[in-house]
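Take the sequences, apply the hints, and build the full model.
Going down the list, the protein sequences come from chains A and B. When we follow my numbering, the leftmost residue of the first sequence carries the number 1, and every step to the right adds one. When we follow my numbering, the leftmost residue of the second sequence carries the number 1, and every step to the right adds one.
Don't read these hints as lab results, they were simulated from the structure. Fair warning: there could be bad hints in the mix.
Taking lysine-lysine pairs in the PhoX-like style, the calculated list, with each CA pair at most 25 Å apart, reads [said to hold, decoys possible]: (1) A/95 <-> A/157; (2) A/205 <-> B/25; (3) B/415 <-> A/95.
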Amino acid sequence: MSALPSSRPGTPRVGLFVTCLVDLMRPSVGFAAVKLLEDAGCIVEAPVQTCCGQPAYNSGDRGTTRDLAMRMIETFQGFDYVVAPSGSCAGMIRKHYPELFEEDPNWRAKASALAAKTFELTSFLVDVLGVTHVDATFQGAVTYHDSCSGLRELGVKTQPRLLLSGVKGLTLVEMNDSDVCCGFGGTFAVKYSDISSSIVDAKAKNVEAAHAQTLLAGDLGCLMNMAGKLSRDGRPVEVRHVAEVLANMTDEPAIGLAKDAAHK
Amino acid sequence: MTVHTTSPQFKQNATRALHDVQLQKALNNVKQGFIDKRQAAADKLPEFEALRDSARDIKNHTLEHLDLYLEAYEAKVKASGGHVHFARNADEAREIILKICREAGAKTVTKGKSMISEEIGINHYLEANGITPVETDLGEYIIQLRNELPSHIIAPAVHLNASQVEQDFRRVHTHLDAKRDLSEPVQLLTEARAVLRERFLAADVGITGANFLVAETGTSIIVTNEGNGDLTQILPKTHVVLASIEKLVPTLEDVSQLLRVLARSATGQEMSVYTTFSTGPRRPGDADGPENYHVVLIDNGRSSMLGTSFEEMLRCIRCGACMNHCPVYHAVGGHAYGWVYPGPMGAVLTPSLIGVDKAGHLPNASTFCGRCESVCPVRIPLPKLMRHWREREFERHLTPASVRSGLNLWGFFAKRPALYRFATRAAMATLGFAGRRRGRFSWLPLAKGWTKHRDFPAPQGETFQARWQRERSRRTA
Ligand code: SF4
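What follows is the structure, encoded as structure tokens:
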């Protein structure tokens, strides 16, 4: 791990677990996370990484999951903390990695050590670093969707709202059933697409009824699902990852929008 | 053999349900009613979360020592003058019940609401043997008239509306005035009551389920809101209790703990309207009660779950909270699951009872949102158990080939970081370029399931890792 900057006392060295979707689909979310972490006084590194194994895990392929988990454990073992801009991917490590190695005490200990230092982005900022305010401006009414794993596995609910409440120009309006699943569920959205569509339809209606111009959440999978539905139905709501707003990095078009194009 | 299943056709069932306008309206009531009421009831009781822990512990303890508690229970029932019959499967249970009915010379049998009786398909069996079973819970009565399975474990007819029930009553209650007014729900209720009252009085045998069986006293307990269970078990000469073996609980004290979470989780009531205890037949001097008291203890697959990762499912107290909070249940209703038990608890239990080859869709049709586990009064980790089923399916190569090959491909790259970066960089550049005009795709060849219903947002183009490397090397240069 010689490539890593050495840590000064009191300066946490954070490994950014960028997550597959952010890496591939919306890297700007990753850079927003880096900015938030650096502003909060962390040294941030993004080691070469692939996938935490969640798709395999939820499809019943424990063998592949374990292989990928071992790789993750090794990749991130030198950091003080591991932070992901996703409740679901952070939850995979925090809640499920230790379970994967029940019969292997050596790996189980390593998995538990990684689990203990892994956090979802907003909860890391608020709960670990004690951040209460970010310097950002965003105009308009926004509503926040609580993604399931972040909410129920990691208790992410008040943290993003606390940080959003300090963003200049922003009003947070709550939609009905903000804590109900959006119907994404990884491969579920493709395997059971009719059911998934009906669930995200209910979500889209709640978003629209809240009269917010922007929908935020902390998980890109859910965001792509909701953005895809809103745009297909012609509902004029912009969709972004919460980190983009908190980091004051909203120059990139919203999810599903083209550069310099508004919703038609 | 048990009841016919359409679980293998889950997808088709679900699609049909999604297009059923009337059903969708009815499901809206589930979404709104149960959830708020449960939350209000839980909020009012400061020790509710602690009670859930102790409910879990009581059931775990019982399951660990199930053999001992079964023996103790049996001895108590016998001592109070009752009979205990053990049935290994549905066939045996049905034969035992038929024999009891024959010995009682039964022509009609009244029934309290019981999911295990649905599981073993007792109604059709009795009918085929010349005995008329009459469901006395209003919802079950309606379901019986329609020859359907319940669509919810505590609200069997929740998928129906009043006008459908009115049509059924007019079709079946032909002895009543055809011009009668049935436009109000209360009129339907009154009519059902009147019809059922005669049936109660005529019945030779009453069959009930059990919410709990108490080892300490040999007592069986049912909770209802209509009082029909009481009339079912008190009026006929013979009372038969049908219960699966995991209904056992050590003591009355334990039951009182479980009752405190049961109704609150189910309907938001502090207690159900009726909580009825019965211990053995009528004793000399008792004001009422049956002359004969039988308990049929049914295994039907439970004991093979003991000691496996599915043992936790045997804690279930059938409150229905998991389905009340399930987005998939809200979308498709109970019948889509294709067998007796719907929702998250059905998604775990059904593969255990009828085989994962038939019920394989059920544990897969979940987003793992975790809301079921967050409300389950006995803290069953339902998503985890569904995942265990997916693992069994994967091991047995029951996972669809398309999913397997997709996963293999993904896994292949994910295990090879250099290749991964190379391949994803190229793929995202192409996809980002193709989608740059609109920012999204309304059709993608490999994601038809996705793009059938929603757009696929285009990637920004460059991957995070590529840009990070580029910028970092510039920073350090
Ligand atoms: S699994 Fe839990 S929530 Fe679902 S019916 Fe059983 S006890 Fe109730």
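Structure-based check of each hint:
Note on residue 95 of chain A and residue 157 of chain A: the hinted pairing holds, with a Cα-Cα distance of about 17 Å set against a maximum of 25 Å. Between residue 205 of chain A and residue 25 of chain B the CA atoms are separated by roughly 16 Å; this keeps the pair inside 25 Å, and the hint holds. Taking the CA atoms of residue 415 of chain B and residue 95 of chain A, the gap is about 22 Å. The hint holds against a cut of 25 Å.
Of the numbered hints stated above, none is contradicted by the structure.
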